[in-house]
Amino acid sequence: MSASGRRRRGALDSGFTMDETVAEYIRRTVLKIPRHEIMEMLTTWDFLSKTQLQTINMHQIKESISQEVVELCEENSASIKQAAILDMIYNHTYRNKKIWTVYRMTKAAGEETDSFNLADFKYNFKRSLRSALKNVTINFREYEDNATWIRIAWGTQYTKPNQYKATYVVYHSQTPYVFISSLRNRIPLLCQALVHASNYHDIHEMELRSRCLDSLKDIVFKRYCQTFQTYHPRPLQERNVAPEKVDPRIIQENKREKERIQSVNQEVFGEGLQPKIEFAQYKLETMFKGEPEMDILTEKEPFRCVVKFSSPHLLEALKSLAPAGMADAPISPLLTCIPQKARNYFKIKERKGILSASCLGP
Amino acid sequence: MRRSGRPSLRRRQDMDTPDSGGKTPLGRKTAETGINFTSSTRFSRGLTFIRGHTLFGQSPTRRIIPQTSLLQENADSQKIAFLLRKQWTLYSVTPMYKFSYDNLKEYSRLLSAFVAAEKQKGLAVEVGNDLGIKVTLSTILGLKGTDQDQVAILVQIASRSQLPFENAEDKVVWSGWFCCISGDDLLESVPEDFTCLSLFLANGAESYTAIVGSWFQKTFDCYFSRLTISPLNLAWMAAMWTGCKVDSHIAATELVFSVPCIPQSLDISYAIHPEDAKALWDTVQKTPGEVTQEEVNLFMDCLYSHFHRHFKIHLSATRLVKVSTSIASAHCDGNIKILHSKHLIGVLMLLTELAISQIQ
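The listed protein sequences derive, respectively, from chains A and B.
Start counting the first sequence at 1; every next residue gets the next number (our numbering).
Start counting the second sequence at 1; every next residue gets the next number (our numbering).
Any given hint could be a false lead.
[Claimed, not checked] With the Cβ distance kept under 10 Å, some of the chain A side facing chain B (calculated, not the full set):
1) HIS204
2) ARG211
3) TYR282
4) LYS289
5) PRO302
6) PRO312
7) GLU316
8) LEU318
9) ALA324
10) ALA329
11) ILE331
12) LEU334
[To be verified] Which bits of chain B does chain A cover? Going by a derived footprint, with three or more residues having C-beta under 8 Å, they are:
13) 253–262
14) 273–286
15) 309–318
[What the hints assert, rightly or not] Straight-line distance between alpha carbons at most 16 Å, and here's what the computed EDC-like set of lysine to aspartate or glutamate pairs gives:
16) A:LYS50 with A:GLU40
17) A:LYS289 with B:ASP301
18) B:LYS278 with A:GLU301
19) A:LYS300 with B:ASP276
20) A:LYS300 with B:GLU275
21) A:LYS308 with B:ASP267
Calculated directly from the structure, the hints in this document are not laboratory data.
The structure presented is a predicted model; accordingly, all values stated were derived computationally and were not measured.
Even for Gly, the Cβ is constructed at its ideal location relative to N, Cα and C.
Taking the hints into account, I'd like the entire structure generated from these sequences.
Given below as structure tokens:
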């Protein structure tokens, strides 16, 4: 069935004309999806029927595919709500494209944890946001791991919500943690709504940011384990392998030192796979102190600097430094404490000559 | 241009320049630089170039701090403002044979035609259709270190405005400029017919850079080669530029290191508050007006040791790839951005020295 021969009678019969902005939004969302994923996502979306999906010709350029999808949506009278859900499905699959910031909610002293009711949460959240701002689009979607995804598109008093700059919130109801992405200037509003809806007292931003949402969850839910890997199970690697048939005249220099480095490194980083973060930043305000022979600066002022580490997989990269000879073993606890302290932004001040990381606010 | 009548100059073909780290110079297709200049000449050397302070190919042990020389009286301030705050790719250029400042208009015309022809290769176009591209060569006055330096040349490719009205401006799509600041050592040993403009800086599409470079190479029998900056020279830049006094737009001194030899790539950015960096440098630097290798080493060692104290990582084992300061920023691939006109001459002097050392 060619695209041109497709009936548009359905749309005209019901008297519904799909909003042009909705049509354009759906078209652009489908265009973002890689070709091989389109059918799967549309099926998960569950808005177009199986018969309709079968009519889509997947062997044409994406522009034409998305156009066909829009026409089918027109038949089914799609509204912004359905379009938003498709966007949520896309962003859940490609969640690692965004940078996520972690927030933590706290209860007032003495308050008890109520049992969580999803319907109440949704109702209260919507009510809280809408009371402050009429023009918002709010959508929810639940996933198996107890994660509730919330999509919010923001408008102003006079303008409709901008669907292309939506904020995403991931809330695990059994925990006080919330993961937020793409939030520009609506922080107080959103935080207030979250706290109100989830019956907490307060919320604050943690110094923890990364693209890998799953790794952030691992860090705050303590799902990684420093000494023994308990998740992402892999078969245990043989440690005492049979020695290779090597010429006995070849000796390894520094064999003991190398082994010491390996074992110390394993201790501080743990055996398991490191959570995936891409950067860490340290604001240093400590006194300058070089080697004794370079006692250069006699200033009483701190030597101010900012150090940023970045890597596709930072913790694994840091772990490989000592074995490569570029760092001492054990490497500094400022680096190894990242998963335990659940932060990757630090302010380091001098404390009576002993170096310590003070967990100052941002 | 006949070959027989002129003196011959040979570039040392077999020896890698110490700073190049084994990269092949242009002239052969290199995947790394991405530019394919067709150099039609190899020239033989009958003369030796001798640098004042250094042995062949080695980095100098001391450098004079350039006085913040005000640009000369007749400096072309508008053009010079154009040179600032832009990212330029660096090349070294061997002396050009029979280049004349009187023929700039003629060169503009020839180069325009050449660029148009190269761009049209493979396209079926009407004869006489010039694709609306105009090339201009002009001088930049005021970019001189000493009086012997040759006047700097600016080359610009502009696409003619498609708009109908008269004073519609042409849009500059590519710029390149030649200069030579305090290139005394080279100038002394070069015969008369040669013009020494050893440093070339380009901004814009690489395809244009290749076309312009090919034309100059063919017309003036010179050779362009990408000027990379070694970690050693980047350290010099960090030290010297941190020491410069800056009144406005003060920025942190930032060093970027790339860690080799590990499975995941790792970049470390180490940014120091400008006042603190300058305070450290002022304590290290002893001789007024001069910077020595020992001072640069000490400065860097101090920074490494402060870093090691916190992170237990040996920065000296990593590779310094980029330096940013208030007055300029430089990348090891041979990219530069100059931010202050007051220090323009000083920066260019250092770059000229690197360029000359690469061509010798």
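Hints and how they fare:
1. HIS204: 26 Å, violated
2. ARG211: 15 Å, violated
3. TYR282: Interface hint status for TYR282 of chain A: holds (7 Å vs cutoff 10 Å).
4. LYS289: 7 Å, holds
5. PRO302: 8 Å, holds
6. PRO312: 6 Å, holds
7. GLU316: Status holds, d = 5 Å.
8. LEU318: 7 Å, holds
9. ALA324: 5 Å, holds
10. ALA329: OK, holds: ALA329 of chain A within 10 Å of chain B, min 8 Å.
11. ILE331: Check passed: Cβ of ILE331 of chain A comes within 5 Å of chain B, closer than 10 Å.
12. LEU334: 6 Å, holds
13. 253–262: Our answer is that it holds, as 3 residues pass the Cβ test (under 8 Å) against chain A, meeting three.
14. 273–286: holds (count 6)
15. 309–318: holds (count 8)
16. A:LYS50 with A:GLU40: With a Cα-Cα distance of about 12 Å, the restraint between LYS50 of chain A and GLU40 of chain A holds, given a limit of 16 Å.
17. A:LYS289 with B:ASP301: 12 Å, holds
18. B:LYS278 with A:GLU301: 14 Å, holds
19. A:LYS300 with B:ASP276: 12 Å, holds
20. A:LYS300 with B:GLU275: Distance of about 14 Å is within 16 Å: holds.
21. A:LYS308 with B:ASP267: Holds, at about 8 Å.
Of the hints listed earlier, those the structure fails to meet are numbers 1 and 2, in rising order.
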